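On the provided structure of chain A, position chain B as indicated by the hints.
Chains A and B supply the protein sequences, listed in that same order. 1181 is the number that the working numbering gives to position 98 of the first sequence; each next residue is one higher, with no gaps. 1305 is the number that the working numbering gives to position 222 of the second sequence; each next residue is one higher, with no gaps.
Don't take every hint at face value.
To be verified - FRET-style restraints, in silico, Cβ to Cβ:
1. B:Asp1286 x A:Ala1297: 57 to 63 Å
2. A:Arg1334 x B:Glu1279: 28 to 34 Å
3. A:Pro1169 x B:Ala1424: 35 to 41 Å
None of these hints come from the bench; they were simulated from the model. Bear in mind that the values here come from a model prediction, so they are computed numbers and not experimental data. In this text, a Cβ means the ideal position worked out from N, Cα and C, and glycines have one as well.
Number of protein chains: 2
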Amino acid sequence: PSTRALAAEIGVSRLPVVLAFELLVAEGFCEGRTGSGTFVAAAIRPRARPGHPAAGERGAVSKGRRSVSRSTTRLIRPPAPWLLQPGAFRLGDAAFDHFPLTTWKGLAAQQTRRLTAPDLRYADSMGHLPLREAIAGYLGAMRGVRCEASQIVVTSGSQQALWIAARCLLDPGAAAWIEEPGYWGVRDVLRSVGAEIVPVPVDEEGLQVDRGIARSPSARAAFVTPSHQFPLGATLSATRRLQLLEWARRRGSWIVEDDYDSEYRHDGQPVAALHSLDQEERVVYIGTFSKVLFGALRLGYLVLPPDLVPAFVAVRRSIDLTPATFPQAVLAAFVREGHFARHLRRMRALYRERRDALVEALHAEIGPEARVRGESAGMHLVLELPRGTNDRQFAVLAADHGLSTMPLSFCRTGPGGTPGLILGYGGTEADSLRSAARHLAELLKSG
Amino acid sequence: PSTRALAAEIGVSRLPVVLAFELLVAEGFCEGRTGSGTFVAAAIRPRARPGHPAAGERGAVSKGRRSVSRSTTRLIRPPAPWLLQPGAFRLGDAAFDHFPLTTWKGLAAQQTRRLTAPDLRYADSMGHLPLREAIAGYLGAMRGVRCEASQIVVTSGSQQALWIAARCLLDPGAAAWIEEPGYWGVRDVLRSVGAEIVPVPVDEEGLQVDRGIARSPSARAAFVTPSHQFPLGATLSATRRLQLLEWARRRGSWIVEDDYDSEYRHDGQPVAALHSLDQEERVVYIGTFSKVLFGALRLGYLVLPPDLVPAFVAVRRSIDLTPATFPQAVLAAFVREGHFARHLRRMRALYRERRDALVEALHAEIGPEARVRGESAGMHLVLELPRGTNDRQFAVLAADHGLSTMPLSFCRTGPGGTPGLILGYGGTEADSLRSAARHLAELLKSG
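Pulled out of the complex, with its shape left as it was, chain A reads as follows:
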């Protein structure tokens, strides 16, 4: 139809119709022929429009034809009820109400005022230099990790750091040791890069290096949490540390040290990072601010052997170019001006108090048979359950009662092993921990 006729037919002025026709011509769906009007483009007419399937036909598209990659299928799992809503014991919650929010907001406001046009550019793929310098200073003073800013790559939390390390160090099919039980995020990462997962059991001294060597002597990497084994809480013993480093040296393998929460050690002296013993530059060290500051910040880092820096930067660029500048600038100021160290000191005291309250309450409510593990550091502990208990079933029940306990079996690759519950105490006040422990004991007795 002519633009005039169509405008009259649908009751609008002629201008929008003219514009619509121009658009159809611009996109190639129509072509204008001078003097005769606008027509459906010749190139399109003969071809049937795709889509518009009958309702039945659409439903008939086979599922297989909408498939995603196999590595992805392995990653999909239903949401875990114990992580869904906030509740006592939820892992990953910190004492957010004790965070120095006013100080943080002041620094954020200051960094906001200082923003200028050049700050808007794509930034350094390794991360904001002032933050990397602040991290290097902190690690040297507090964790025995000696490094330069030029060895540090800022990441979006420790999860991205683990992923980059896995992608960088492992070819598909390459074997990697993980701790059993261990952090499920490492399993996800290894599945994502197609590595072969070799679970190595842990005991009171941490990873059983002998068993790792027996199962997969030539694994390309070992992913470990030496300072505070997740979730059982052991500190990797000196003997095992040296044994692990020696294995890596002899085999040309890599050690990925995830030092996720060792800032909070409640009993005994702080333990230096495995990295500090590594004289062969075989250790990739990972730290994070998500646990000790707050999860929504999403900032962690890798400390790399200098010769691995170009490879890690290449992987980082391939997945997301660079981290956003602004949050890094605020965090750098927070560390540099001493607020971070001060916050750690305050939180260490607070978490120790919460830990004491929880351990005491568990023993009081459950009785002397309550077996608590891994309470000497961090923001969580493990309560072992009687053999034969289905800890997943129990955790689902507990979630219904507002208790966000994580089943220990969730951290295992296979069946077997002592059942238990991982109880976070970072985000729950001492009084609430006591009543939650009472509630938990009741559920355990009635279950």
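Okay, now just chain B, sitting in the frame of chain A:
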């Protein structure tokens, strides 16, 4: 030695020595025996300390034993001189000095003031809901992309969106079409996930779908830039759009539409996204704020067919859990309050002016034989060079003269094809573009 003797020997008080001994015991390097003192732990003594290699031995560690994964090796490349320092024509630079920084700072300050403790928690893996809602509103109104917030996953720029899509849709070895020439970041992503790269040539109508079908009919995915082909600038024609959708429907393949800068169309009507024609939910749509706002923001997004959401969320969680909340909250306010649409309008006018200045100057300086392509949209155009010119060599020379031109061959997977230079004009003022064009013409004549 006893703590007292050692303290005297090194001339410090006894307390630090006692603490040091306790630490050595805590870490398992020493053991205390009541009444007789502190000794090196039995478990450690017999084993030779690793490390401490003689200088020669250390250098002798073979390179192969410090190897990274093959997929990583393929990603490492020397830094490109044309991206190293700021200079006229640099790709990815926007008109940062025209960004409404005061407005942005005001919103950032407002969001900072509103921060409360619950905002510190780990956030939604799909992204901040208010931002996803703002994106859905914007896409429906401006890009013809109809979607709900529940189909949107916020990413760290379009690079992460491309990576997640590739990992989610492609198994190692699966074939994927890419545009030739095309965006190098897609090649990096496909190498990273181990996919088979199938370069499909582009012409004035964009991707030559016929050639793609001839080369790899059962490719699992096609990565395309239909609105403004990178780098040559074609708009994918209507015929090709329908042909591509029909291929995907018939083969059960996926189309990843990277709509990186189509907000800026200078000539003719804006072109709707390919996504708007997709009735089979075969298109994964990617947008980004890095080009239209600023690179340091690092925020992009995926628009997904609803049935693919769980798979994409699983991959996103495996690589970095969630995006940081704060920058998303500022951006959501910026979009919601109309600043984004206003900024786009102002920038469209500005970039058109810069584009006009550059095209005019290139013709004036080089002469009528200057062949300019892809100038009808975006923030860059392509200047073709005479056949036989080595565009990389020329770009290195130009970089020495402060001109950051990118060689067209950098966007190709193999040799051949017309040589050319990609000239960004987003971050360079009209006057500077004119003098840079003169400089470029001189170099071309003398080269």
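**Item:** Hint check against the structure, violated hint numbers in rising order
**Value:** Result: no hint breaks.
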